[in-house]
Amino acid sequence: MSETRYDRLDAATPMIECRGVHKHYGDYHALRGIDLTIRAGEFFSLLGPSGCGKTTLLRTIAGFEDISDGAILIDEKRMDEVPANKRPTNMVFQSYAIFPHLTVAQNVAFGLRRDPRGKAEKAALVEDALAMVGLRGYGNRAAHALSGGQRQRVALARALILKPKVLLLDEPLSALDRKMREQMQVELIKLQRQVGITFVLVTHDQEEALVMSDRIAVMFEGEIAQLDGPEALYARPANRRVADFIGVMNFLPARILGEKDGIVTAEAPGLGVVDLPARQVSRANPDDDGPTIGFRPETMTLVGPNQTHSQPRETNATIDEVVYYGDMTYYDLRLDGAAAMDGKARPVRISMRNVFGRDVQDVGTRTRLAWSPGSLVLFR
Amino acid sequence: MRGQGRGLQVYAALYLLFLYAPIILLPLFAFNSGTIIAFPLQGFTTGWFAQMWANATLRTALTNSLIIAVSASILATCLGIFAARASTRFEFPGKGGMMGFILLPMVLPEIIVAMSLLVVLLGMGVQLSILTVIVGHTLICMPYAIAILTTAFSSLDKSLEEAAYDLGETRWSAFRLITLPLVMPGIISSLLISFTISLDEFIIAFFLAGNQPTLPTYIFSQLRFPKQIPMIMALGTALVALSIVLLALGEYFRRRGNARMGGNPTGGFL
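As given, the protein sequences belong to chains A and B, one line each in that order. Under the UniProt record's numbering, the first residue of the first sequence carries the number 1, and numbering increases by one thereafter. Under the UniProt record's numbering, the first residue of the second sequence carries the number 1, and numbering increases by one thereafter.
To be clear, the hints were calculated from the coordinates, so they are not data collected in a lab. Every residue gets a Cβ at the ideal spot worked out from N, C-alpha and C, and that includes glycine. Keep in mind that a hint or two might mislead.
Simulated restraints on C-beta separations [as the list claims (entries may be wrong)]:
no.: 1; chain 1: A; residue 1: A124; chain 2: B; residue 2: M98; range: 48 to 54 Å
no.: 2; chain 1: A; residue 1: G33; chain 2: B; residue 2: G94; range: 31 to 37 Å
no.: 3; chain 1: B; residue 1: L247; chain 2: A; residue 2: R19; range: 55 to 61 Å
One chain only, chain B, in its complex shape:
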C-alpha cells in the first residue's frame, strides 16, 4: 500500500510539473537580465517590463485586445442570459435541437469558424477591424456563457419571479430585483470565462483583425525576433498575473453570493 501511495505521489508531482513548469519559466526569465532564454540566470531586472510599457505597438495591441475581450464577454453574456432564461423557463418546439446548435461552436474547429466568418464578411464587403474580431469572439464565447448561465438559471426556483410579480412588481422589475441578483455569480463567471477566452484567442483574431494587432497576434509576430523574447516573457508574466487575479475575484464573488443565500455552489468554475 505504502509503495503504491508513493508511486501515485510521484505521478501527481510529475503531472503538476508538466502543467506548470513552462509557466513558471515565464516570470523567471521576465526578471532575468540576460537577453538569451537559457540557464544559468543572470542578474535581476525589471527592464523588460519597462521596455514593454514603452512599446507603442504593444500598447495598441493590448488596448485592442482589452476592447475586444470586454465587448465580446459582455455581448456573449447578455445573449447567453436570454438563451439560458428561455431554455430553462419555457417549453417551445425544437428547443433541444436549437440549444444543441447554439452549443455546437464549442466543439467546432476554430479554424473552420474563422475561415467561414472571413469568407462571409469579405463577401458582404465588411471592412476587417477589431469590430469583426468582436463578432467572431462573441460567437465562440456564447456556448461557454450559455453553459454556465443555464446552470445558474436552472438552479433557481421558478416561483421566485412569479412571487415578485404577484407582489406588484412588473415582469422586468421582478427579473431585475430577484432573478438578476440570484444568477449574478453565474453572470460574473460567464463574463470572466468569456474575457479569458477572448483575450488569448489567436486564430479568429489572426483571420479577422485586418491589420490591427491583438495581443496574441502581436506576440506571435514578435517571436521571430530573438531580441524581443525577454519582453514577451514579461508580457506573458503580466497576463498570467492578470488571469490569476481575475479568477480569484470571480471565485470570491461567487462564494460571497453563495454564502449570502446559503445555497450550494453552482454555476461556478472553481
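In isolation and in its complexed conformation, chain A is listed as follows:
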C-alpha cells in the first residue's frame, strides 16, 4: 500500500494521548480502557454505532465529562484538572449551538470576549474567519435566519477563530442533506489541510469516516476494535464485526484444512481451497458458528461468455437478482457448489461498474466469476 498522508505526519508529536481511559455512569461502563494517540495535524475519526462511546470519548477530551480512570494528555499536558473552558480544544456541536440571539459576527467573535486585543483587530479576525468558511459579508445577518449549511460554517468559524490545538467535531454533518453533506466533507478536508489543526471527528457514518480521515478508530461497546487508515480498515478489518460495520462484505462458511509457516489453508463452498497468509486472517465474532471467509462485492468480476480475464481463479454462478444503479450494477449470485456443505443457498453480492461497452447481464444467466485469493479475508 502506498504511503498515506498520515505516514508523513511527524510521528514525534502526539497531540492527544488517552491512556487507559475509563468512564462509568453508575453501573454503565461507557469507556472500557481507551488507549489512543492522535498525532498533531491529523484528521482523526471516532467511528461506531450509537452507544459505542465515541461521543463520550470526544466529550472527555473536550472536558465536558470527567473520566473515571486513566489519563488524557493534550500537547503533552495532563488535562485531569483542566476544565473545558481552559483546554486548548474547541468543539463543533451536532446541533451547531449557534447563539440565536446574536448576529453571525457576534457568534464568531464570542470566544474573543476575553481577548485583550482592540475592537478593529477583532473585527478583522472575524472577517478572516468568515472568509475562511466561505461566509464573507454575512457578519450582520441574524444567526437564526441561516440555513443548516451556513450554521455549520458559522460554528466552524467560531471555533477556529481561537486557533485551538484540537478541533472536536460531534457528528457535524448528520443534520445536512446528502448533497450538502458531500460538499461539506470536501470543504472540511480542505479546511483542515489549510489550518493544519488536529481534527477529531465523531461519526456513525462509515463512508464519511473513510472519505475524510487520515486514521479511524472503530469503536464498539466502549472499546476500540480497530485503529487504522481508511484503506487498511476497509481491506483488512481486524475482526468480523468491523468488517460488517464498514461497507458491504459477503461471508461464506469456511473449513480450516491446515496451517503451515503462517499460511492457513481453508475451504469455502463455491470458492474451493485457498491458501491465505497471516495478513488475510482476522478474528471471528465470539457468537459466530465457525470460521468464515469474506470478500467485498467489488473484488470479484463477472466475466461475459466470450471474455477472457487475468485472475487466477474462476467460479461458475447463476444470477439471481440484478439491481441497476446507473453507474453501478449489483448482482446477487448463487455460486456453484455454495450449497454443497449443508444445502443452504448462500447468495453473494457482486458490484460492477457500468463502463462503456459492458452489458448488464440478465437474471437467470449462467455466468463466470473471476477472482483472486488475495482479496479474501478469513475470520477465525
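Chain A is already provided as a structure; the job is to place chain B on it using the hints.
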C-alpha cells in the same frame, strides 16, 4: 348550517358578555357622579379617583400590595429559575416526585395553605406583617413560575451553554450571556403572572398580614360602607387598566424576543 352558525355566534356573544359585563360596569360607575350603584347613570365625574388618591389608608394598602407583589414575584421567579434549570438540565433521583410536590400548591385549596402557614408562623413566634404575606405569596406563585420557566428552559438547546463554556466563558458567564437572554421572555411572563396572582390574592393576605392592609383586604373591608363603593369602583378600574397594561407589555417583550430569535412562541401566556 347557517342556522347552526348563528346559534354558535349567539352563544359566543353571551359567553363574552357573561365574562366581561361585570368588568365593564367598573369604569361605568367609576366615572358616574351618582353615589348609588344603579342605572340610570348620572353625570360624569373623576371625583372618585381624586377621593381614592386622597385616602391615606388606601395608599398604605396599595403600597403594601405593591411591595408584596414585587417581592413575591421576584422571589418566586428566582427560585423558579433554579428549579426549572435543575429539572430540565439534570437527572437526579426522585426528580419526578420532587417536581410534583413543588407544583402541588397550585391545586391545594388556598385556605388550607393560609391556615397551615398561620399555625406554623404563630407557633414559631413570628410577628405577622407584610413579610409573612410575602412568604405566603412566594409559596403560591412558585408553581406558576416553575411551570412557565420549565417550558422556557426545555425549549433551549443544552449545547448552547456548553458551547459558550467551551469558548472560554465561565459556567456563570455562559449562563448570563446565553441562557438568561434566551429564557428572558419566560422570566418576564413568570414575573407578570406572579405579580398579578399576588396583587389580587385575598385569603393568605387576610390571614397573614396582621393589622396591615393590602388592596384586596382593604376593598373587602370597605364594601360594608355603601358610601365608599363608587371609590372602590374607581380603584377596580385602575387595577383593571394596570393589568391590561402589564399583560400587553409582557406580550410585547415576548414577541420581540421571539422575533429576534426566529423561534416559535413558547413559554408565554397569550
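Results of checking the hints against the structure:
no. : hint                        : in the structure
1   : A124/A to M98/B: 48 to 54 Å : 51 Å, holds
2   : G33/A to G94/B: 31 to 37 Å  : 33 Å, holds
3   : L247/B to R19/A: 55 to 61 Å : 60 Å, holds
Hint compliance for this structure: every hint is met.
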